[in-house]
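With these hints in hand, go ahead and build the complete structure from the sequences.
4 protein chains.
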Amino acid sequence: MQVTTVNSNDRTVMTTEEVTAFLDNDFPEASYHGKTYEVLEITTQGGKIRLFEHERHIRPGGTISGPAMMALADVTAYLVLMGNIGPVALAVTTNLNINFVRKPEPGDLIAEGEIIKLGRTLAVFDVRIRSANSDALVAQASVTYAIPKH
Amino acid sequence: MQVTTVNSNDRTVMTTEEVTAFLDNDFPEASYHGKTYEVLEITTQGGKIRLFEHERHIRPGGTISGPAMMALADVTAYLVLMGNIGPVALAVTTNLNINFVRKPEPGDLIAEGEIIKLGRTLAVFDVRIRSANSDALVAQASVTYAIPKH
Amino acid sequence: MQVTTVNSNDRTVMTTEEVTAFLDNDFPEASYHGKTYEVLEITTQGGKIRLFEHERHIRPGGTISGPAMMALADVTAYLVLMGNIGPVALAVTTNLNINFVRKPEPGDLIAEGEIIKLGRTLAVFDVRIRSANSDALVAQASVTYAIPKH
Amino acid sequence: MQVTTVNSNDRTVMTTEEVTAFLDNDFPEASYHGKTYEVLEITTQGGKIRLFEHERHIRPGGTISGPAMMALADVTAYLVLMGNIGPVALAVTTNLNINFVRKPEPGDLIAEGEIIKLGRTLAVFDVRIRSANSDALVAQASVTYAIPKH
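Chains as they are written, first to last, in my numbering: chain A, 1 to 150; chain B, 1 to 150; chain C, 1 to 150; chain D, 1 to 150.
Keep in mind that the hints were calculated from the coordinates and are not lab data. Keep in mind that this is a model prediction, so the values were computed, not measured. There could be a bad hint or two in this list.
What follows is a list of derived Cβ distance ranges for each label pair [stated by the list, open to error]:
1) Lys35/B - Phe52/C: 49 to 59 Å
2) Thr121/D - Ser134/A: 15 to 25 Å
3) Pro148/C - His54/D: 24 to 34 Å
4) Lys103/A - Arg120/B: 17 to 27 Å
All C-beta atoms in this analysis are idealised placements derived from N, C-alpha and C, irrespective of residue type, glycine included.
Structure representation (structure tokens):
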């Protein structure tokens with residue numbers, strides 16, 4: 001499947017390290033009970049975020065909760081957006097649609113976010129979630145953010 | 001808007017009190033840091049669930065996080081389903097679509113779930129979320145659950 | 001379920017008759033093969049649109065096609081929007097999510113659109129579709145329109 | 001982005017030619033006014049379908065209507081499903097979510113469908129729509145089909 005270049009620049013506005021610092025400093029609730037997310041990669045096309053296994057995300061049977069995956073999809077889209085437009089305050093999710101397609105295995109989850117559209121006022125992302133130790137998809141989400149004037 | 005009767009019975013399978021006990025006993029992660037949800041009402045048409053204000057749901061500016069609202073929409077659909085088919089293990093969310101339309105005010109949130117379809121294998125719910133002290137909608141979600149053979 | 005007043009005015013910007021004329025004159029593809037839609041009602045809270053039974057919407061078994069229902073949901077949201085902000089050119093659908101929950105019976109369909117949010121730049125609608133001769137829902141959709149500066 | 005192998009077989013159940021014949025014979029409303037769709041490719045991972053430019057899909061300004069794109073997303077998912085499970089009668093769409101991200105250019109559209117999940121009772125597809133003469137996405141859809149026992 002052909003990749004559409006969304007950004008004519010070959011560099012993101014924030015590096016992976018800068019997005020990590022942004023997450024740690026400006027998004028404290030993301031690490032309310034210890035480190036929750038790790039920014040693995042931010043590019044002009046998307047990004048990759050890890051959700052660390054955590055007791056509070058586990059459902060009976062050892063599987064990871066749906067809300068933990070919805071939060072992961074949302075934060076992945078947000079961090080890809082920040083990386084590509086800079087740390088704009090007040091960008092907000094307007095729509096999130098998620099399909100849960102397989103039970104995740106216990107352990108970390110990896111989300112891959114892809115920029116579908118990066119417009120002036122709206123940005124749309126496709127997010128695919130897999131168990132860290134497996135290629136099989138566990139969820140696919142579409143996330144829309146409204147971008148305030150900046 | 002006319003209400004469609006989905007259940008020919010005039011009684012739910014579990015009472016509001018039984019759904020409350022189910023939530024407390026079988027869903028411990030819902031009260032991982034103190035009571036999170038309160039079952040206000042379960043009927044044959046839907047149900048009403050309160051999300052208590054909690055520090056970990058607050059975003060900068062005093063607003064409630066999107067993931068907290070997604071979790072509320074999901075648990076509302078789940079509890080309405082349990083109330084109307086009984087505590088079936090392993091019912092799972094297959095799709096959740098949510099529109100965030102206003103910033104919630106600080107304080108509790110109230111979700112009203114409505115049964116759109118209650119089939120043998122799939123159930124669909126409309127969930128409307130409002131601040132406890134306001135009539136204005138903050139989010140609207142559609143949630144689909146797959147029901148295992150029971 | 002409590003109705004949220006979205007419009008502080010007690011009158012729509014366009015009457016039901018004016019929306020009908022707008023549909024007929026500015027939206028000719030809607031009647032490409034004879035009258036397709038009828039505007040039954042436009043209010044400050046929403047509106048009601050009929051889809052006439054038409055050979056090209058019928059699927060094997062006498063049921064109405066999914067795409068015909070998606071088009072009905074979209075046009076219902078659009079006409080409710082026009083009725084409440086006036087005939088703004090270039091309002092465009094940005095997201096549509098639809099759940100098909102029952103087979104419609106042969107015959108006309110009626111869509112009821114409800115304004116969930118009517119903002120400056122985005123409007124969100126809930127649309128419920130039923131067979132004209134039945135109370136049972138056949139589909140539920142959420143539709144978002146982007147409103148250009150006007 | 002890594003491709004997940006969904007089908008352990010290396011061959012589809014129906015060839016591209018067989019899916020074309022199925023479309024022409026069993027889906028007559030798809031060519032109600034002349035040939036509407038062309039099956040370009042069906043694989044174990046997905047498929048590619050062309051929507052021919054047609055007067056009835058054109059909106060003022062020369063752009064292609066949203067409903068025409070929703071129908072294209074739906075039929076793409078359907079034909080990929082048929083190609084991979086055989087011509088099962090009565091598979092029905094249960095959910096479709098679509099983001100419209102750019103105006104298409106006049107001319108044909110190409111939809112690429114990807115199998116996200118192919119289960120026993122539910123199948124989920126990602127569908128990307130582009131103008132035939134451009135790499136830029138115009139829409140992205142997620143489509144869920146319920147598969148009857150077969």
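Q. Okay, Pro148/C versus His54/D on CB: inside 24 to 34 Å?
A. holds (27 Å)
Q) Between Lys35/B and Phe52/C, does the beta-carbon spacing fit 49 to 59 Å? A) Distance hint for Lys35/B, Phe52/C holds at roughly 53 Å.
**Q.** 15 to 25 Å as the expected CB spacing between Ser134/A and Thr121/D, which holds or is violated
**A.** holds (22 Å)
Q. When you take the CB atoms of Lys103/A and Arg120/B, is the distance between them in 17 to 27 Å?
A. holds (22 Å)
Checked against the numbered hints listed earlier, the structure breaks none of them; every hint is satisfied.
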